[in-house]
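**Q** Turn these sequences into a full structure, and let the hints steer you where they fit.
If you read the sequences in order, they're chains A and B.
So for the first sequence, the numbering used here puts the first residue at 4; every next one is plus one.
So for the second sequence, the numbering used here puts the first residue at 4; every next one is plus one.
Calculated from the structure, these hints are not laboratory results.
Check before you lean on any hint, since a few could be wrong.
When chains are identical, the list treats them as one kind, so a pair holds in a single copy or across two.
Dumping the calculated SDA-like pairs for lysine to any residue here, alpha-carbon to alpha-carbon at most 20 Å [unchecked claim]:
id	residue 1	residue 2
1	Lys243	Asn97
2	Lys143	Glu133
3	Lys49	Asn97
4	Lys143	Arg282
5	Lys143	Asp70
6	Lys143	Pro27
7	Lys49	Gln247
8	Lys143	Leu132
9	Lys49	Arg24
10	Lys143	Arg256
There are 2 protein chains.
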Amino acid sequence: MVSFKERYAELQQFVEEGLERFLPPEGEGPPRLREAMRYSLFAGGKRLRPVLLLEAYALHGGANPGDEALPLACALEMIHTFTLIHDDLPAMDNDDFRRGRPTNHRVFGEAMAILAGDALFNHAFATALEARIPPERLLKVLRILTEKSGLDGVIGGQVYDLEGEGAEPTLEGVRRIHERKTAALIQAPLMMGAVAAGAGEEEISRMERVGYHMGMAFQMVDDYLDEVGDAATLGKTPGKDRAQGKLTYPAVRGLEGTVEDAREEMERAWALLSVYGERARFLRDLGRFILERVS
Amino acid sequence: MVSFKERYAELQQFVEEGLERFLPPEGEGPPRLREAMRYSLFAGGKRLRPVLLLEAYALHGGANPGDEALPLACALEMIHTFTLIHDDLPAMDNDDFRRGRPTNHRVFGEAMAILAGDALFNHAFATALEARIPPERLLKVLRILTEKSGLDGVIGGQVYDLEGEGAEPTLEGVRRIHERKTAALIQAPLMMGAVAAGAGEEEISRMERVGYHMGMAFQMVDDYLDEVGDAATLGKTPGKDRAQGKLTYPAVRGLEGTVEDAREEMERAWALLSVYGERARFLRDLGRFILERVS
Numbered sequence: 004m005v006s007f008k009e010r011y012a013e014l015q016q017f018v019e020e021g022l023e024r025f026l027p028p029e030g031e032g033p034p035r036l037r038e039a040m041r042y043s044l045f046a047g048g049k050r051l052r053p054v055l056l057l058e059a060y061a062l063h064g065g066a067n068p069g070d071e072a073l074p075l076a077c078a079l080e081m082i083h084t085f086t087l088i089h090d091d092l093p094a095m096d097n098d099d100f101r102r103g104r105p106t107n108h109r110v111f112g113e114a115m116a117i118l119a120g121d122a123l124f125n126h127a128f129a130t131a132l133e134a135r136i137p138p139e140r141l142l143k144v145l146r147i148l149t150e151k152s153g154l155d156g157v158i159g160g161q162v163y164d165l166e167g168e169g170a171e172p173t174l175e176g177v178r179r180i181h182e183r184k185t186a187a188l189i190q191a192p193l194m195m196g197a198v199a200a201g202a203g204e205e206e207i208s209r210m211e212r213v214g215y216h217m218g219m220a221f222q223m224v225d226d227y228l229d230e231v232g233d234a235a236t237l238g239k240t241p242g243k244d245r246a247q248g249k250l251t252y253p254a255v256r257g258l259e260g261t262v263e264d265a266r267e268e269m270e271r272a273w274a275l276l277s278v279y280g281e282r283a284r285f286l287r288d289l290g291r292f293i294l295e296r297v298s
Numbered sequence: 004m005v006s007f008k009e010r011y012a013e014l015q016q017f018v019e020e021g022l023e024r025f026l027p028p029e030g031e032g033p034p035r036l037r038e039a040m041r042y043s044l045f046a047g048g049k050r051l052r053p054v055l056l057l058e059a060y061a062l063h064g065g066a067n068p069g070d071e072a073l074p075l076a077c078a079l080e081m082i083h084t085f086t087l088i089h090d091d092l093p094a095m096d097n098d099d100f101r102r103g104r105p106t107n108h109r110v111f112g113e114a115m116a117i118l119a120g121d122a123l124f125n126h127a128f129a130t131a132l133e134a135r136i137p138p139e140r141l142l143k144v145l146r147i148l149t150e151k152s153g154l155d156g157v158i159g160g161q162v163y164d165l166e167g168e169g170a171e172p173t174l175e176g177v178r179r180i181h182e183r184k185t186a187a188l189i190q191a192p193l194m195m196g197a198v199a200a201g202a203g204e205e206e207i208s209r210m211e212r213v214g215y216h217m218g219m220a221f222q223m224v225d226d227y228l229d230e231v232g233d234a235a236t237l238g239k240t241p242g243k244d245r246a247q248g249k250l251t252y253p254a255v256r257g258l259e260g261t262v263e264d265a266r267e268e269m270e271r272a273w274a275l276l277s278v279y280g281e282r283a284r285f286l287r288d289l290g291r292f293i294l295e296r297v298s
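**A** Given below as structure tokens:
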């Protein structure tokens, strides 16, 4: 039997190859722009969102991932990377390091970093359009993608995040940010994978709820690690969020409360997954893997 | 018979109403973000790209513009506005005024301006997805949109524009920028309107060529006016492009050469339109209207 780690590594490798396949080829566009896009896209990310998409696709009976799901998985990673590049900008969170390397704008300058983000965002849609699924399904996938990226998704979440700096920390305030900035881009892959495989409304809506709880748990763990981790593990300056006056989960619930709530969120996700039985084993293990980082 | 100006005003009004209809409604997303999006979207633009889209749709027999073409027209204006907001940023062209008003980042701050641009870009896709045309056509429209926005479209054009600052002005260099930064977003509406109306490959390809020549002429006229216009007519600081060391058409061809080349480009567009006879009268007049600004 394939272990969780083997399966994850396999999916991750599949995504790496997909990203190479779907990125603009040499000769397309300004070389320096392509270089800036690649710099952040191949910066050692865990490919969590693409992995979730591929797994949701398989869970709902999808049998041709290379043609049907991989373009969508890669699109998600491009959008995720676009949000990271723009979030790190001096005008935003002003981060110098990400995953242990200088941020995009530190290497390529601010103008190029803004444009590399824009280009990745655009190319995400171009890549999603490569998915060989029935047109109606593809349009549905794109609608989910724009909704979860938009004003009540990751872009709106970043606005609330910036507006929340220095504000009185409330549970409502911090959840509003996490729901949009993080959970939305965990919901999107789960829903999109299900749609690509031809799942029905009930299953898509279930994936949305699973993504919500997994995403919230994931961000709580992240906030926790930002408080207690060291620079080497984090690949960025620890405690920076708190120091910047960001609304973080531990600021509202304390460290123990954060771990408790993360567990509770994950248990809700698991409960929703129980209907799939053994087939959802990987997604359940993935949840455990996320939680283990705080144990 | 309806005059050119009356018809233009009519289409423009139709677009204004469409933008109101398709923008995110109150209650969706952070209010300040919506405000920043609206600020630049309703800044007195001529709505040239949406007007071109609606006209290309009508030219190819489209008969239900409100449902089939207007969402696409509005999407184009959102993308155009997104590029303007990002181009004006301090890290890019650092412009304080646009159309006689302070630029987005001067009013809302850099972070919000970046995010308003991102949100308009995303919302453009969400809006395009509202077009009630057959799924295959809609996917084709979206492919054109991503191509013309992408690495060899407007985003790549902005990179070449920035890289060209202070470089030796060559005709090849300046045309490479104008083809991408300007012509691509004139080609896109003409092609998308044709596709929405169900036009065939030959007609779509013709629209692409018409858009190329009209777009080049349009930008040449713009470069010319930047040299000779005054701040009141331009709504921005005249001569700024040249002063910034930007590659402009007059820098290569002189003022007279620029006007000559603009006329020649427009004549090529007209020649391609001749196949449509009287039905292309509005597009021809639009070309004349563009050229008249330099006469």
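**Q** Now tell me, hint by hint, if it's right for this structure.
**A** So, going through the hints one by one against the coordinates:
no.	hint	result
1	Lys243 to Asn97	within (10 Å within a copy, 29 Å between copies)
2	Lys143 to Glu133	both (14 Å within a copy, 11 Å between copies)
3	Lys49 to Asn97	neither (23 Å within a copy, 36 Å between copies)
4	Lys143 to Arg282	neither (25 Å within a copy, 36 Å between copies)
5	Lys143 to Asp70	both (17 Å within a copy, 18 Å between copies)
6	Lys143 to Pro27	between (25 Å within a copy, 19 Å between copies)
7	Lys49 to Gln247	neither (26 Å within a copy, 42 Å between copies)
8	Lys143 to Leu132	both (12 Å within a copy, 9 Å between copies)
9	Lys49 to Arg24	within (18 Å within a copy, 40 Å between copies)
10	Lys143 to Arg256	neither (37 Å within a copy, 49 Å between copies)
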